[in-house]
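K.L.:
Each chain is listed here by its residues.
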Amino acid sequence: MSNVTKQHNDSLLRFMTCGSVDDGKSTLIGRLLFDTKTILADTLTQISNTSKKRGMEAVDLSLLTDGLQAEREQGITIDVAYRYFSTGTRKYIIADAPGHEQYTRNMVTAASTANLAIILIDARRGVLTQTRRHSYLAHLVGIQHIVVAVNKMDLVNYDQATYDKICADYLTFANEIGFAQARDIKFIPMSALTGDMLVDRLENMPWYTGETLLEMLEKAPAAHTENDEEFRFPVQFVCRPHASADADLHDFRGFMGRIESGYIAVGDAVTVLPNGYQSKVKAIQIGDEQLQSAQTEQSVTLLLEDEIDTSRGDMIVKTGSTIEPVKQIEAFVCWLSETPLSPARTYVIRHTTRESKAKVGAIAYKVDVNTLEEQATSDLKMNDIARITFKLAQPLMVDSYSANRATGAFIVIDESTNNTVGAGMIV
Amino acid sequence: MLNKEKINHQPLSHLDWLESEAIYILREVAGQCSNPVLLFSGGKDSLCILRLAEKAFRPGRFPFPLMHIDTGHNYQEVIDFRDQRAAELGERLIVRSVEDSMKRGTVVLKSADESRNKHQSVTLLEAIEEFGFDCCIGGARRDEEKARAKERIMSFRDEFGQWDPKNQRPELWSLYNARSHKGENIRAFPISNWTEMDVWQYIEREKLQLPSIYFAHQRDVVMRGGSIVPVNVPLVNGEVTNPVKAGEEIINMQVRFRTVGDISCTAPVISDADTVSKIVLETATSTITERGATRLDDQTSDASMEQRKKEGYF
Ligand SMILES: Nc1nc2c(ncn2[C@@H]2O[C@H](COP(=O)(O)OP(=O)(O)O)[C@@H](O)[C@H]2O)c(=O)[nH]1
Ligand SMILES: [Mg+2]
Numbered sequence: 063m064s065n066v067t068k069q070h071n072d073s074l075l076r077f078m079t080c081g082s083v084d085d086g087k088s089t090l091i092g093r094l095l096f097d098t099k100t101i102l103a104d105t106l107t108q109i110s111n112t113s114k115k116r117g118m119e120a121v122d123l124s125l126l127t128d129g130l131q132a133e134r135e136q137g138i139t140i141d142v143a144y145r146y147f148s149t150g151t152r153k154y155i156i157a158d159a160p161g162h163e164q165y166t167r168n169m170v171t172a173a174s175t176a177n178l179a180i181i182l183i184d185a186r187r188g189v190l191t192q193t194r195r196h197s198y199l200a201h202l203v204g205i206q207h208i209v210v211a212v213n214k215m216d217l218v219n220y221d222q223a224t225y226d227k228i229c230a231d232y233l234t235f236a237n238e239i240g241f242a243q244a245r246d247i248k249f250i251p252m253s254a255l256t257g258d259m260l261v262d263r264l265e266n267m268p269w270y271t272g273e274t275l276l277e278m279l280e281k282a283p284a285a286h287t288e289n290d291e292e293f294r295f296p297v298q299f300v301c302r303p304h305a306s307a308d309a310d311l312h313d314f315r316g317f318m319g320r321i322e323s324g325y326i327a328v329g330d331a332v333t334v335l336p337n338g339y340q341s342k343v344k345a346i347q348i349g350d351e352q353l354q355s356a357q358t359e360q361s362v363t364l365l366l367e368d369e370i371d372t373s374r375g376d377m378i379v380k381t382g383s384t385i386e387p388v389k390q391i392e393a394f395v396c397w398l399s400e401t402p403l404s405p406a407r408t409y410v411i412r413h414t415t416r417e418s419k420a421k422v423g424a425i426a427y428k429v430d431v432n433t434l435e436e437q438a439t440s441d442l443k444m445n446d447i448a449r450i451t452f453k454l455a456q457p458l459m460v461d462s463y464s465a466n467r468a469t470g471a472f473i474v475i476d477e478s479t480n481n482t483v484g485a486g487m488i489v
Numbered sequence: 131m132l133n134k135e136k137i138n139h140q141p142l143s144h145l146d147w148l149e150s151e152a153i154y155i156l157r158e159v160a161g162q163c164s165n166p167v168l169l170f171s172g173g174k175d176s177l178c179i180l181r182l183a184e185k186a187f188r189p190g191r192f193p194f195p196l197m198h199i200d201t202g203h204n205y206q207e208v209i210d211f212r213d214q215r216a217a218e219l220g221e222r223l224i225v226r227s228v229e230d231s232m233k234r235g236t237v238v239l240k241s242a243d244e245s246r247n248k249h250q251s252v253t254l255l256e257a258i259e260e261f262g263f264d265c266c267i268g269g270a271r272r273d274e275e276k277a278r279a280k281e282r283i284m285s286f287r288d289e290f291g292q293w294d295p296k297n298q299r300p301e302l303w304s305l306y307n308a309r310s311h312k313g314e315n316i317r318a319f320p321i322s323n324w325t326e327m328d329v330w331q332y333i334e335r336e337k338l339q340l341p342s343i344y345f346a347h348q349r350d351v352v353m354r355g356g357s358i359v360p361v362n363v364p365l366v367n368g369e370v371t372n373p374v375k376a377g378e379e380i381i382n383m384q385v386r387f388r389t390v391g392d393i394s395c396t397a398p399v400i401s402d403a404d405t406v407s408k409i410v411l412e413t414a415t416s417t418i419t420e421r422g423a424t425r426l427d428d429q430t431s432d433a434s435m436e437q438r439k440k441e442g443y444f
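Just so you know, the sequences run in chain order L and H.
With the first letter of the first sequence counted as 1, position 33 gets the number 95 in this note's numbering; the numbers rise by one all the way through.
With the first letter of the second sequence counted as 1, position 118 gets the number 248 in this note's numbering; the numbers rise by one all the way through.
Treat the hints with caution; some may be incorrect.
[As the list claims (entries may be wrong)] Far from chain L by the CB rule (all over 10 Å, computed), these chain H residues:
1) A216
2) D230
3) S245
4) S342
5) L365
[Stated by the list, open to error] Cβ-Cβ distance ranges computed for the label pairs, FRET-style:
6) H/G220 with L/L264: 57 to 65 Å
7) L/E367 with H/L338: 30 to 38 Å
8) H/G220 with L/E351: 13 to 21 Å
9) H/R335 with L/E280: 17 to 25 Å
10) L/T149 with H/R335: 14 to 22 Å
11) L/E280 with H/P373: 48 to 56 Å
12) L/Q352 with H/G220: 21 to 29 Å
13) L/P387 with H/G262: 31 to 39 Å
14) H/G220 with L/M444: 43 to 51 Å
15) H/L338 with L/N219: 54 to 62 Å
16) L/I370 with H/G220: 26 to 34 Å
[Claimed, not checked] Here are the computed lysine to aspartate or glutamate pairs in the EDC-like style, where the Cα-Cα straight-line distance is at most 16 Å:
17) H/K312 with L/E477
18) L/K281 with L/D72
19) H/K312 with H/D288
20) L/K421 with L/E477
21) H/K296 with L/E400
22) L/K248 with L/E273
23) L/K99 with H/E412
24) L/K443 with L/D476
25) L/K421 with L/E392
These are calculated hints, taken from the structure and not from any lab test.
Since this is a predicted model, take the numbers as computed values, not measurements.
We treat Cβ as the ideally placed atom computed from N, Cα and C, and that holds for glycine.
The task is simple: from the sequences and hints, build the whole structure.
P.N.:
Below is the structure:
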């Protein structure tokens, strides 16, 4: 079952769509769901009724994703929506993020769990400021695979020259921000409305011989399978059933958590941070199943050879690993709250399963997400992104975000409301 | 660098991935909340969550009790199954009933035959207050209904149990924020990212037992407003609900339920699938959504689920 060596042909991929308002995100998602037969008859009846009510001729597939009453009334998307489909070989989770400038926070939210981003460009309009913004954000949040989808090709007569120019423009800009070398970028012409090049290849663009969108999705590596990451195991919960009637369990001490990166096997030498206690892995379990080894993304229970006092918030790593507890972090922070960041206040930072009080040390600069210019600033408002230093009351065990998306990320919490007000990526 | 793994990781299968995510969410609830409860109806989604909780917490006990909000209009088979499953697990089961809220006068039905389903939220809020729960773990899935597609995994409810779609916490990475102040409440949804198909595949893989009404069986029904409606259903308290109305003809049909809940709003579908693997197959080829087929209460309007959620529904 949950075995590392077993071949799987049914993995899972999380991706997001980004684009400006009306570029066709909702239509694209609706298309994917429709053409992979995920949309069932009653849903279709429901949205075709709504389409008619609004005086539209054809069924508006964007209604599938524009879910909440407020946005249906306004015909826009205001929050990240999650959608699902499956092809039989893969399950997909789509995060649909709205494209407005004031929705930077939604894009960052959607990107945080995505491994691939589809960046939509309207073929009539080409690479716009928004395209740059979306690309920068995808880059910032560490998405490895980018599909640049030139949509609405039907409105430019499926013209190859238009498509080629947009691709060239995009690459020029991607090179400028150092994005092209770091990421896997693919291009595709399409019409989400007619369904050309999404799941099916129609006859309008014989000059394009590359993969369809679905083929790209089917082949994209799932998260974590491509990186060589160090073993990181934040302890979530400690299981001590000593009150149990079963005498064997009296000394049971299981460290429960999810392997955020890397690989562990029975017998491996480990260190528990921040205290630095050392031991060896005695057993790895999922429920009552015993494993010899386990890998990234598996939720397991680790038993150690020695009795070590460990609690939620500690991190188990392999002995010798290059990670040190720190009491200061520098990070790119996206501000999520309508209440601006206040440098005078104390916040809570949640990093893996650990929390610490934190205060702003310094704000180095703010990034203009449209021009990518660095600007001096003393405050941070909703949707701003800035490079900030935080001083911490408790040590955190961090990696840089570019090295490890799980141990390089944190959220900022305002204790007065308990709201999540910031998202941080450690430099 | 030291310790870098040169291992070609196989990705987890989608079920292993979903299982692992759900275990992680359950453990976050246990780690962050001081007094959580797991809502358990005896239905298939909550039975999956019980298995996930076993994988998350055994050999320890669950760090939360189970609770069922009983409308009094549930199928006997499901109630029996609920009790049996809780006993097998050796976990504490709390039952709070809509009928008690009716006796207290906090639930007032518009008419004797009005569905009690939507009134569950009152009883739930009363139970939350009675026990001081700060988090309710539920089996809702984002694929069930449009209004749920934007639901957080840790969803915040104010003192009135209300869900405000505009006032939800951003949820990034898997850094879930389950904090709440006294009186407020978090609803945690460990299987948010599962579809109906995933649930059935998981039931098949884990060989989970289910109440018998999920499988094809013969039942007296009538056709009412385009739906198949079970009639003359015996209740736990000995009464009989869903009488036949004048002019209706009773048909004995082979049906199964895709969801189980309050009798007044859960309709069966015609089916001869009498094993889990046949149900998996049937689900793969189904042309109607789970809620569309079987939840009479959602069909009122496109926005009805959203409305009920705002009012404190799960
Ligand atoms: N002609 C044409 N129209 C499209 C295409 N894709 C989307 N649209 C239309 O563009 C409008 C906006 O699409 P929508 O999916 O709501 O965009 P969103 O704001 O990015 O979600 C709708 O009227 C769609 O029908 C396309 O490929 N060709
Ligand atoms: Mg949209």
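K.L.:
Each hint should be assessed against the structure and marked as holding or not.
P.N.:
Checked hints:
1. A216: Since the minimum Cβ distance to chain L is about 18 Å, H/A216 lies beyond 10 Å and the statement holds.
2. D230: holds (32 Å)
3. S245: holds (20 Å)
4. S342: Check passes; 26 Å lies beyond 10 Å.
5. L365: Non-interface label stands for H/L365: nearest chain L Cβ at 30 Å, farther than 10 Å.
6. H/G220 with L/L264: 57 to 65 Å: holds (59 Å)
7. L/E367 with H/L338: 30 to 38 Å: holds (35 Å)
8. H/G220 with L/E351: 13 to 21 Å: Given about 20 Å between the Cβ atoms, the range holds.
9. H/R335 with L/E280: 17 to 25 Å: holds (23 Å)
10. L/T149 with H/R335: 14 to 22 Å: Once the Cβ atoms are compared, 19 Å apart, the range 14 to 22 Å for H/R335 and L/T149 holds.
11. L/E280 with H/P373: 48 to 56 Å: holds (53 Å)
12. L/Q352 with H/G220: 21 to 29 Å: holds (22 Å)
13. L/P387 with H/G262: 31 to 39 Å: holds (35 Å)
14. H/G220 with L/M444: 43 to 51 Å: holds (48 Å)
15. H/L338 with L/N219: 54 to 62 Å: holds (55 Å)
16. L/I370 with H/G220: 26 to 34 Å: This hint holds: roughly 29 Å between Cβ atoms.
17. H/K312 with L/E477: Within the cut-off at roughly 13 Å; holds.
18. L/K281 with L/D72: holds (12 Å)
19. H/K312 with H/D288: It holds: about 10 Å lies between the C-alpha atoms, which stays within 16 Å.
20. L/K421 with L/E477: holds (13 Å)
21. H/K296 with L/E400: With a Cα-Cα distance of about 12 Å, the restraint between H/K296 and L/E400 holds, given a limit of 16 Å.
22. L/K248 with L/E273: holds (10 Å)
23. L/K99 with H/E412: holds (14 Å)
24. L/K443 with L/D476: holds (14 Å)
25. L/K421 with L/E392: Holds: L/K421 and L/E392 sit about 12 Å apart, inside 16 Å.
Comparing the model with each numbered hint stated earlier shows that all of them hold.
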